[in-house]
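Colleague: Protein chains in written order, with my numbering: chain A, 2 to 382; chain B, 2 to 382.
Incorrect hints may have been included.
Because identical chains cannot be distinguished in the list, a pair is counted as satisfied if it fits within a single copy or across any two copies.
Result set (DMTMM-like, lysine to aspartate or glutamate): computed pairs, CA atoms no more than 20 Å apart in a straight line [claimed, not checked]:
1) K88 to D327
2) K3 to E22
3) K5 to E17
4) K364 to D224
5) K360 to D316
6) K126 to E44
7) K3 to E17
These are calculated hints, taken from the structure and not from any lab test.
Number of protein chains: 2
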Amino acid sequence: MKKKYLLAPGPTPVPEHVSLEMALPMVHHRTPQFSQIFAEAAEDAKYLFQTKQDVLLLAATGTGGMEACVTNLFSPGDKVLVINGGKFGERWGKIAETYGLKVVWHKVEWGQAADPMDVKATLEKEKDVKAILTQASETSTAAAHPIEELSKLTRGRDDLLLIVDGITGVGVFDLPMDKWGIDGLITGSQKALELPPGLALVALSEKAWKFAGQSKCPRFYFDLKKERKNLADKTSAYTPAVSLVIGLRRVLKDLKEEGLENVFKRHNRLARATRAAVAALGLENIAPNAPADSCTGAFVPEGIDGGKLVKSIRDDFGVTLAGGQDQWKGKIIRIAHLGYVDTFDTIIAISALEMALRKFGHKVEFGKGVAAAQEILMEGY
Amino acid sequence: MKKKYLLAPGPTPVPEHVSLEMALPMVHHRTPQFSQIFAEAAEDAKYLFQTKQDVLLLAATGTGGMEACVTNLFSPGDKVLVINGGKFGERWGKIAETYGLKVVWHKVEWGQAADPMDVKATLEKEKDVKAILTQASETSTAAAHPIEELSKLTRGRDDLLLIVDGITGVGVFDLPMDKWGIDGLITGSQKALELPPGLALVALSEKAWKFAGQSKCPRFYFDLKKERKNLADKTSAYTPAVSLVIGLRRVLKDLKEEGLENVFKRHNRLARATRAAVAALGLENIAPNAPADSCTGAFVPEGIDGGKLVKSIRDDFGVTLAGGQDQWKGKIIRIAHLGYVDTFDTIIAISALEMALRKFGHKVEFGKGVAAAQEILMEGY
Numbered sequence: 002m003k004k005k006y007l008l009a010p011g012p013t014p015v016p017e018h019v020s021l022e023m024a025l026p027m028v029h030h031r032t033p034q035f036s037q038i039f040a041e042a043a044e045d046a047k048y049l050f051q052t053k054q055d056v057l058l059l060a061a062t063g064t065g066g067m068e069a070c071v072t073n074l075f076s077p078g079d080k081v082l083v084i085n086g087g088k089f090g091e092r093w094g095k096i097a098e099t100y101g102l103k104v105v106w107h108k109v110e111w112g113q114a115a116d117p118m119d120v121k122a123t124l125e126k127e128k129d130v131k132a133i134l135t136q137a138s139e140t141s142t143a144a145a146h147p148i149e150e151l152s153k154l155t156r157g158r159d160d161l162l163l164i165v166d167g168i169t170g171v172g173v174f175d176l177p178m179d180k181w182g183i184d185g186l187i188t189g190s191q192k193a194l195e196l197p198p199g200l201a202l203v204a205l206s207e208k209a210w211k212f213a214g215q216s217k218c219p220r221f222y223f224d225l226k227k228e229r230k231n232l233a234d235k236t237s238a239y240t241p242a243v244s245l246v247i248g249l250r251r252v253l254k255d256l257k258e259e260g261l262e263n264v265f266k267r268h269n270r271l272a273r274a275t276r277a278a279v280a281a282l283g284l285e286n287i288a289p290n291a292p293a294d295s296c297t298g299a300f301v302p303e304g305i306d307g308g309k310l311v312k313s314i315r316d317d318f319g320v321t322l323a324g325g326q327d328q329w330k331g332k333i334i335r336i337a338h339l340g341y342v343d344t345f346d347t348i349i350a351i352s353a354l355e356m357a358l359r360k361f362g363h364k365v366e367f368g369k370g371v372a373a374a375q376e377i378l379m380e381g382y
Numbered sequence: 002m003k004k005k006y007l008l009a010p011g012p013t014p015v016p017e018h019v020s021l022e023m024a025l026p027m028v029h030h031r032t033p034q035f036s037q038i039f040a041e042a043a044e045d046a047k048y049l050f051q052t053k054q055d056v057l058l059l060a061a062t063g064t065g066g067m068e069a070c071v072t073n074l075f076s077p078g079d080k081v082l083v084i085n086g087g088k089f090g091e092r093w094g095k096i097a098e099t100y101g102l103k104v105v106w107h108k109v110e111w112g113q114a115a116d117p118m119d120v121k122a123t124l125e126k127e128k129d130v131k132a133i134l135t136q137a138s139e140t141s142t143a144a145a146h147p148i149e150e151l152s153k154l155t156r157g158r159d160d161l162l163l164i165v166d167g168i169t170g171v172g173v174f175d176l177p178m179d180k181w182g183i184d185g186l187i188t189g190s191q192k193a194l195e196l197p198p199g200l201a202l203v204a205l206s207e208k209a210w211k212f213a214g215q216s217k218c219p220r221f222y223f224d225l226k227k228e229r230k231n232l233a234d235k236t237s238a239y240t241p242a243v244s245l246v247i248g249l250r251r252v253l254k255d256l257k258e259e260g261l262e263n264v265f266k267r268h269n270r271l272a273r274a275t276r277a278a279v280a281a282l283g284l285e286n287i288a289p290n291a292p293a294d295s296c297t298g299a300f301v302p303e304g305i306d307g308g309k310l311v312k313s314i315r316d317d318f319g320v321t322l323a324g325g326q327d328q329w330k331g332k333i334i335r336i337a338h339l340g341y342v343d344t345f346d347t348i349i350a351i352s353a354l355e356m357a358l359r360k361f362g363h364k365v366e367f368g369k370g371v372a373a374a375q376e377i378l379m380e381g382y
């Protein structure tokens with residue numbers, strides 16, 4: 002008998018009452034009953050995105066939403082600045098290159114946030130850049146890029162967009178789309194939205210919709226103008242992910258009831274507790290200067306194989322955390338604290354880490370990380 | 002958003018795969034399909050009870066099983082010795098008195114186990130006692146009575162039965178019915194069996210079945226001879242609790258796969274960890290000499306209202322523990338560790354207790370109880 006705990010940065014745990022609602026008998030998507038659900042979900046998604054714009058619901062994961070932004074807003078030959086501070090920054094560039102865009106790679110050291118002054122310098126050097134493509138939270142390095150500061154570079158300029166992959170940002174920390182002038186904002190269902198993967202949410206600013214009128218990239222499934230037109234009729238162009246939309250409607254009602262501000266506070270409290278715990282255990286944070294509230298990463302101690310450690314925490318202790326990718330493969334662990342995650346999930350993650358480190362021969366004082374977390378978690382009570 | 006954790010000594014958490022199986026479409030109870038399930042559950046219950054006797058499945062909670070033993074084995078005027086060391090010992094006596102039995106109350110101080118020598122002395126003083134009625138684990142005081150020692154007083158005697166309420170004992174620690182010569186053994190679905198309440202399991206020894214042939218208490222619903230006859234036909238006298246029987250069959254398959262010995266080890270490990278944690282926090286164990294592996298009780302610190310503490314742990318922290326009853330009302334907390342409960346449930350209970358004690362103004366060193374638990378929990382990895 003072993004219970005399983007899911008504390009990776011997506012998919013995140015699905016609340017039981019949401020799972021049960023999604024398990025109710027399937028409904029047909031071209032019915033007044035489902036149209037109402039679809040429209041409510043899309044409407045409440047505006048609250049989540051802090052926007053007056055339409056939020057489009059695509060039957061795809063977050064990467065589909067990223068591709069949709071590229072193919073709907075730009076044309077082959079267009080130049081875009083890609084902030085590349087990890088796997089997902091790299092993904093922006095790969096998508097753009099796939100569609101023939103010219104990518105200006107703005108490299109950021111893994112674990113660091115983009116420096117807006119450096120980005121500004123790149124923009125001044127490179128003429129005709131049409132957009133900055135960035136992550137709000139670079140999940141692979143657990144670092145947050147300074148979206149508000151970056152938005153100051155694009156706001157008020159008709160020729161330059163700020164497109165933000167908010168997949169592990171939206172619903173985790175503050176990303177007020179309209180207030181900051183974010184031009185494209187994307188998230189996925191399997192992160193802060195506490196749902197299974199398979200739904201991407203995308204919103205564009207008025208400025209971005211003008212770009213959409215001129216784009217010449219090929220696209221069929223991800224046609225945002227077509228989706229916007231369908232949304233006005235409370236439906237989607239192609240078959241929607243019915244169960245996920247039903248779940249989204251429920252989760253958004255819950256989030257509205259909790260209040261976005263409280264949702265952000267909750268994530269921040271868990272994040273600070275996890276950081277404090279990791280520090281108390283003497284582990285080095287992988288994103289010390291710009292840690293995201295979605296996920297905390299730490300380097301594993303010298304001599305321990307991070308891949309084996311993560312595997313043991315999962316298979317022996319039943320707790321699924323995440324390891325590292327590419328240059329950090331085997332070197333880090335990542336503990337998520339977004340979505341349907343609470344005080345005791347954080348304590349589970351830390352205590353499992355303590356016990357697994359001991360199992361791997363590392364000298365660990367049991368309870369030290371937990372205690373550091375508790376001191377901060379107590380703020381919630 | 003607040004997750005809920007159930008760590009009271011029953012009902013205990015139901016494993017998700019069991020809930021899902023119980024939620025499958027209802028089946029009719031007079032069908033070959035259900036007969037097969039019913040027979041399998043009853044057969045595997047013999048493994049759980051460590052007996053060759055029939056284990057009867059009653060649509061009732063544990064108290065119904067206790068009443069069934071009284072009304073099926075004895076007659077008005079019969080004398081029984083009741084070991085009364087808590088709420089449930091008292092219940093044995095109340096049931097017996099309700100049916101006109103003469104009760105010899107063998108009082109045991111709350112939190113203590115019955116001393117077999119004292120029981121022997123009572124038996125020698127009182128003539129014609131027909132049975133010892135006892136708990137294996139007295140849930141209200143978290144103490145375990147010495148069933149093996151008590152069985153030595155009744156084994157080999159044709160005129161004296163040992164009837165054991167094993168409601169928080171069966172499937173938690175070793176109670177080999179046939180080996181020890183337990184004459185009546187009872188459990189309920191909502192404890193170690195990880196199911197919702199509503200099912201009582203009762204088995205009688207051959208010696209007890211002879212008593213059943215002579216009993217003159219009135220009974221209709223709880224007619225064990227009738228149930229035994231029906232069980233031979235793979236059914237029950239009245240409508241069985243269909244979903245619970247389906248769940249029981251699943252849980253017993255799981256327990257068989259894990260192996261009873263491992264099940265007992267698991268409970269013992271969690272129990273020792275919880276005891277160590279409580280001690281590390283400077284709290285006094287309510288059953289220091291005979292702690293049961295089902296549940297650990299501790300006196301709350303001087304000046305703290307235990308009722309309010311338990312309420313805060315439940316309502317503020319989301320963790321349902323149990324308080325005290327009667328003379329211990331407001332004075333104790335009880336942390337369960339039976340059924341579908343694992344390492345991290347124990348850590349949750351202890352860390353929540355630490356945090357709630359701090360909230361109530363008690364000086365607590367965070368992580369101290371957790372660390373003491375971790376040292377023992379590590380044995381499992």
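Colleague: Within a copy, between copies, both or neither: which one fits K360 and D316 at a CA-CA cutoff of 20 Å?
Modeller: within (13 Å within a copy, 35 Å between copies)
Colleague: Tell me, please, which holds for K5 and E17 at an alpha-carbon limit of 20 Å: within, between, both or neither?
Modeller: Answer is both: 15 Å inside a copy and 11 Å across each meet the 20 Å cutoff.
Colleague: Treating 20 Å as the Cα threshold, decide for K88 and D327: within, between, both or neither.
Modeller: within (8 Å within a copy, 61 Å between copies)
Colleague: With 20 Å as the alpha-carbon cut-off, assign the pair K364 and D224 to within, between, both or neither.
Modeller: neither (55 Å within a copy, 61 Å between copies)
Colleague: Can you give me the call for K126 and E44, within, between, both or neither, at a CA distance of at most 20 Å?
Modeller: So K126 and E44 fail the 20 Å test inside a copy (41 Å) and across (79 Å) alike.
Colleague: When no copy is named, should K3 and E17 be tagged within, between, both, or neither for a Cα gap of at most 20 Å?
Modeller: both (19 Å within a copy, 12 Å between copies)
Colleague: First find the shortest C-alpha distance between K3 and E22 inside one copy, then the shortest across copies, and answer within, between, both or neither for a cut-off of 20 Å.
Modeller: Between copies only: 18 Å across chains, 26 Å inside a chain, cut-off 20 Å.
The structure shown violates the earlier hints numbered 4 and 6.
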